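Undergrad: For this one, chain H is given, so just place chains B and C on it according to the hints.
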Amino acid sequence: MSEDRLAAVEARLALLEDERDVARAMASYGPLVDGGDADGVAALWAPDGVYDIDEIFLAGAERIREMVRSPAHQGWIRQGCAHVVGPPHITVEGDAAVAVCHSLMVVRDEGRYVVRRATANHWRLRRTEAGWKVVTRTNRILDGRPESPALLVRGVRGEPAGP
Amino acid sequence: MSEDRLAAVEARLALLEDERDVARAMASYGPLVDGGDADGVAALWAPDGVYDIDEIFLAGAERIREMVRSPAHQGWIRQGCAHVVGPPHITVEGDAAVAVCHSLMVVRDEGRYVVRRATANHWRLRRTEAGWKVVTRTNRILDGRPESPALLVRGVRGEPAGP
Amino acid sequence: MSEDRLAAVEARLALLEDERDVARAMASYGPLVDGGDADGVAALWAPDGVYDIDEIFLAGAERIREMVRSPAHQGWIRQGCAHVVGPPHITVEGDAAVAVCHSLMVVRDEGRYVVRRATANHWRLRRTEAGWKVVTRTNRILDGRPESPALLVRGVRGEPAGP
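Chains as they are written, first to last, in the numbering used here: chain H, 1 to 163; chain B, 1 to 163; chain C, 1 to 163.
Treat the hints with care, since some could be wrong.
With a straight-line cut-off of 35 Å between C-alpha atoms, the simulated DSBU-like cross-links for lysine-lysine are [stated by the list, open to error]:
(1) 133(H) - 133(C)
(2) 133(B) - 133(H)
(3) 133(C) - 133(B)
If you want the footprint, here are the derived chain C segments under chain B, 3+ residues with CB under 8 Å [to be verified]:
(4) 12–18
(5) 22–31
(6) 36–43
(7) 85–98
(8) 108–117
(9) 155–162
Bear in mind the hints are in silico, worked out from the structure with no lab data behind them.
As the structure is a prediction and not an experimental result, all values here were calculated from the model.
A virtual CB, placed ideally from N, CA and C, is assigned to each residue, including glycine.
If we strip away everything but chain H, and leave its shape as in the complex, we get (with noise of 0.2 Å):
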């Protein structure tokens, strides 16, 4: 009986800490990328994960890796940057978990601080041996193409980002 009534308690237990480990991973991205650091940044990803974005499209942790090392991302960083994470709605099964919630980007601009992009984040993860990794992670910018209100939608729902 007592056995039973602890085995239930382990397995909230343990979902709660993978929505913790999922809600973690993405509260990183935002400072690690705004801090400039590559490896950090790839590592949140699976190797072959995805970090599908409106204008580019990058396959493979060790492309994700080379966009944070990038000209026109460390001329971000020199400039005052800000890329604000918000918090994450998480859905959690078994190996896998599906996320969303909005990112701003914030750059600084004669003084003062301008919001340049307010985006959808699609988010899917997948439980690894060296943790909870992302295996997709779709932005698509709120700029009245109807594919980012539908991807916040789906994301609520936990429903992949694709149709």
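TA: Chains B and C alone, transformed into the frame defined by chain H:
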């Protein structure tokens, strides 16, 4: 002895789960409202729940559903819009919860984004058979009116929105 | 056997509770400071805690209380102000914690809002008899100065702010 310890663990775990559920409901508002999912947004509230915004008072989930479907709101989605609901501070007591956070309404404007509103958010929720539902969400714009700062402080203290 | 399992569960649960408590303290800063609750803000720090901002170094909770009461800060509240403290990345080790996040200071300006500052936030907290309290919070504006990105990376790694 062990039974007592296990019961104590179960109670602590249940509190963490309640806080998680409340945070998850709050984190789904922004994606659902920017996603135009009127039914999803309305389902965050109890059927008789209230969304009390500065200019408008939405009494009942059906009014909230209509707000999402309104030409005004649909226009924001087409223009490009992010309702960023900040990290919540949550107080759960039994079957009731109070939460507080900031929200930013970020809208597209001539290729960049502007922060149209920065708002104090006070949430009251209750546990129902369908999970935690919003009873009253009170939003007051942070423009110097004294009620907005007061609302933030009452939220942190777990007090109701009104005096 | 069950006793061991239960003890393991208690330890894992205690870690989640610690992380929750740290996140909750951090999530209360913005609402309390924008709410003008000087005592509430000061109580987030240990009595000898430090708030190290770019231009000012506040040593001790009493200095922090005075900052909230200052004409400058009260002026921001009257003008309309949101200190949005982003989702935290938290590392708890025993009785010490390190957390990192972004913050945005959003102020009203001619009917709209502008982002006045985007800042790297590094928090050190410790467990006290009165709960988790801030020992040192180090804020550096993200304007291209090299210490701000470095602060973000050290925060994710759970390292102290200073070199």
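Undergrad: Against this structure, judge whether each hint is valid.
TA: Verification of the supplied hints:
1. 133(H) - 133(C): Judged against 35 Å, a Cα distance of about 32 Å means the pair holds.
2. 133(B) - 133(H): Holds: residue 133(B) and residue 133(H) sit about 32 Å apart, inside 35 Å.
3. 133(C) - 133(B): holds, 32 Å
4. 12–18: With 3 residues closer than 8 Å to chain B, the region 12–18 of chain C meets the three-residue bar; holds.
5. 22–31: Holds: 7 residues of the region 22–31 of chain C have a Cβ under 8 Å from chain B.
6. 36–43: Our answer is that it holds, as 3 residues pass the Cβ test (under 8 Å) against chain B, meeting three.
7. 85–98: holds (count 4)
8. 108–117: holds (count 5)
9. 155–162: violated (count 0)
Hint violations for this structure: number 9 only, all remaining hints satisfied.
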